[in-house]
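Number of protein chains: 2
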Amino acid sequence: MRDLYYDQLDGIVDDLVSMASTVREAVLESTQALLNADQAAAEAVISGDKSVDEARELIEEQAFQLLATQQPVAGDLRMLVATLRMVADLERIGDLAGHVAKVARLRMPAVAVPPTLRETITTMASVAETMVDSAARILAERDVEAAADLEREDDQMDQLRRSLFRTLLSDEWSYGVEPAIDIALLGRYYERIGDHAVSMGRRVIYLVTGEHPVTVA
Amino acid sequence: MRDLYYDQLDGIVDDLVSMASTVREAVLESTQALLNADQAAAEAVISGDKSVDEARELIEEQAFQLLATQQPVAGDLRMLVATLRMVADLERIGDLAGHVAKVARLRMPAVAVPPTLRETITTMASVAETMVDSAARILAERDVEAAADLEREDDQMDQLRRSLFRTLLSDEWSYGVEPAIDIALLGRYYERIGDHAVSMGRRVIYLVTGEHPVTVA
Chain A
1 MRDLYYDQLD GIVDDLVSMA STVREAVLES TQALLNADQA AAEAVISGDK SVDEARELIE
61 EQAFQLLATQ QPVAGDLRML VATLRMVADL ERIGDLAGHV AKVARLRMPA VAVPPTLRET
121 ITTMASVAET MVDSAARILA ERDVEAAADL EREDDQMDQL RRSLFRTLLS DEWSYGVEPA
181 IDIALLGRYY ERIGDHAVSM GRRVIYLVTG EHPVTVA
Chain B
1001 MRDLYYDQLD GIVDDLVSMA STVREAVLES TQALLNADQA AAEAVISGDK SVDEARELIE
1061 EQAFQLLATQ QPVAGDLRML VATLRMVADL ERIGDLAGHV AKVARLRMPA VAVPPTLRET
1121 ITTMASVAET MVDSAARILA ERDVEAAADL EREDDQMDQL RRSLFRTLLS DEWSYGVEPA
1181 IDIALLGRYY ERIGDHAVSM GRRVIYLVTG EHPVTVA
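Sequences listed follow chains A and B, in order.
Counting from 1, one number per residue, gives the positions in the first sequence under the numbering used here.
Counting from 1001, one number per residue, gives the positions in the second sequence under the numbering used here.
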């Protein structure tokens, strides 16, 4: 019985890691939709969000069943409580990838990102995706050292956001209001993806080290 | 011992309701800061967010202690798990009120909202605040009927967002890029406050009726 219990606990972590991989793919694919006005990619992300939501429900239900039937204590209990928070972070990352895909779709067949910001948005998307990957790695391998990567990536995201807004508000901005709004919202979506990755990473660090995670604003 | 347990369970709900009242105040005050370029109000919201974060930590820790020491089952367990999610929603509402206050502060002594959108933003803020209030009422009184109010308010928020974007993208928009970005982000913040209220309300409905909450995109 206890062996089954530990198998189930491990299974939940595996499912979280697998869900992290799914939403990371969604971030990649939505960015491809965005930068290439790729309709098929956009539709795949938007319709794929349903399976992300289902994965969340499944993991939540498994965690709940373990809480109800095994009455875990101490570290196992903390892990299950953290699971409930992390699965919410992952679901939001999926939602945010969907928002990116919807901005992309709204402007098709045009590309929503003006040439002058293509590089910045590409980098932001890449940093966001790397952050989700770092969080998944921290989760899968309890790799506390990787937390430093995540903080560094978070700083980079912050710089990218500032650079984005400098461009939007400079005198050279010639694309008008609509692309500016698109870009401001896209920047926000990628930034929030990064925030959720940081939040996940910090939860794992807390589980492993007992050091309280700092709140992400 | 069991009496103390039930007192503690009730205490957690009371604390959540009180936290909902605090963040609702923050939404009100940040809107006042925004519409009147009121520096004191903006600073109060921004510095007050720390106490919201502390309230979250306290409620989380209480819920965790009850899970660890009382091993609740069935309805009580579902309530505690829901508490962990609702406290995260409330914290985010506090963060979002802080974001509104920061946009307000950034444009002071000017008012960030152009006259032509003052009414729409005022209504959005009011709907957002009403939604937080509805969620708190559902939580405090297990008032399942109030859930219909929340869904209606959510529809209204959706219409307001569309109206906001129509104005920003119309030929009559004469305020340029910076206010357009401010308004797009503000609209997003109020909309997300509403989403978190809906998410909270649906969790309570699920607790009371056993009907699964629909996911908020």
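Everything labelled a hint here was simulated from the structure, so no lab data went into it.
Take these hints with a grain of salt, some might be off.
[To be verified] Restricting the straight-line Cα-Cα distance to at most 20 Å, the calculated cross-link-like pairs of lysine to aspartate or glutamate (DMTMM-like) are:
1) A/Lys102 x A/Glu60
2) B/Lys1102 x B/Asp1158
3) A/Lys50 x A/Asp10
4) A/Lys102 x A/Asp49
5) B/Lys1102 x A/Asp53
6) A/Lys50 x A/Glu60
7) B/Lys1050 x B/Asp1007
8) B/Lys1102 x A/Asp158
9) B/Lys1050 x B/Glu1119
10) A/Lys102 x B/Glu1057
11) A/Lys102 x B/Asp1053
12) A/Lys102 x A/Asp158
Each hint tested on the structure:
In summary, the hint linking A/Lys102 to A/Glu60 is not supported, as the alpha carbons are separated by about 27 Å, beyond the 20 Å threshold. As the CA atoms of B/Lys1102 and B/Asp1158 are separated by approximately 24 Å, the hinted pair breaks the 20 Å bound. For the hint pairing A/Lys50 with A/Asp10, the CA-to-CA distance comes to about 24 Å; that exceeds 20 Å, so the pair is violated. About 12 Å separates the Cα atoms of A/Lys102 and A/Asp49, which keeps this hinted pair within 20 Å; it holds.
With a C-alpha separation of about 32 Å, the suggested pairing of B/Lys1102 with A/Asp53 is violated against the 20 Å cut-off. Between A/Lys50 and A/Glu60, the direct Cα distance comes to roughly 15 Å. Compliance with the 20 Å bound is thereby established for this hinted pair. A distance of roughly 27 Å separates the Cα atoms of B/Lys1050 and B/Asp1007; the hinted pair therefore is violated under the 20 Å criterion. For the hint pairing B/Lys1102 with A/Asp158, the CA-to-CA distance comes to about 16 Å; that is within 20 Å, so the pair holds.
At most 20 Å may separate the alpha-carbon atoms for a hinted pair to count; B/Lys1050 and B/Glu1119 exceed this at roughly 30 Å. About 35 Å separates the Cα atoms of A/Lys102 and B/Glu1057, which puts this hinted pair outside 20 Å; it is violated. This hinted pair does not check out: A/Lys102 and B/Asp1053 have alpha carbons roughly 32 Å apart, beyond 20 Å. Between the alpha carbons of A/Lys102 and A/Asp158 the distance comes to roughly 24 Å, so the proposed pair goes past 20 Å and is violated.
Hint check: violations occur at hints 1, 2, 3, 5, 7, 9, 10, 11, 12; the rest are consistent with the structure.
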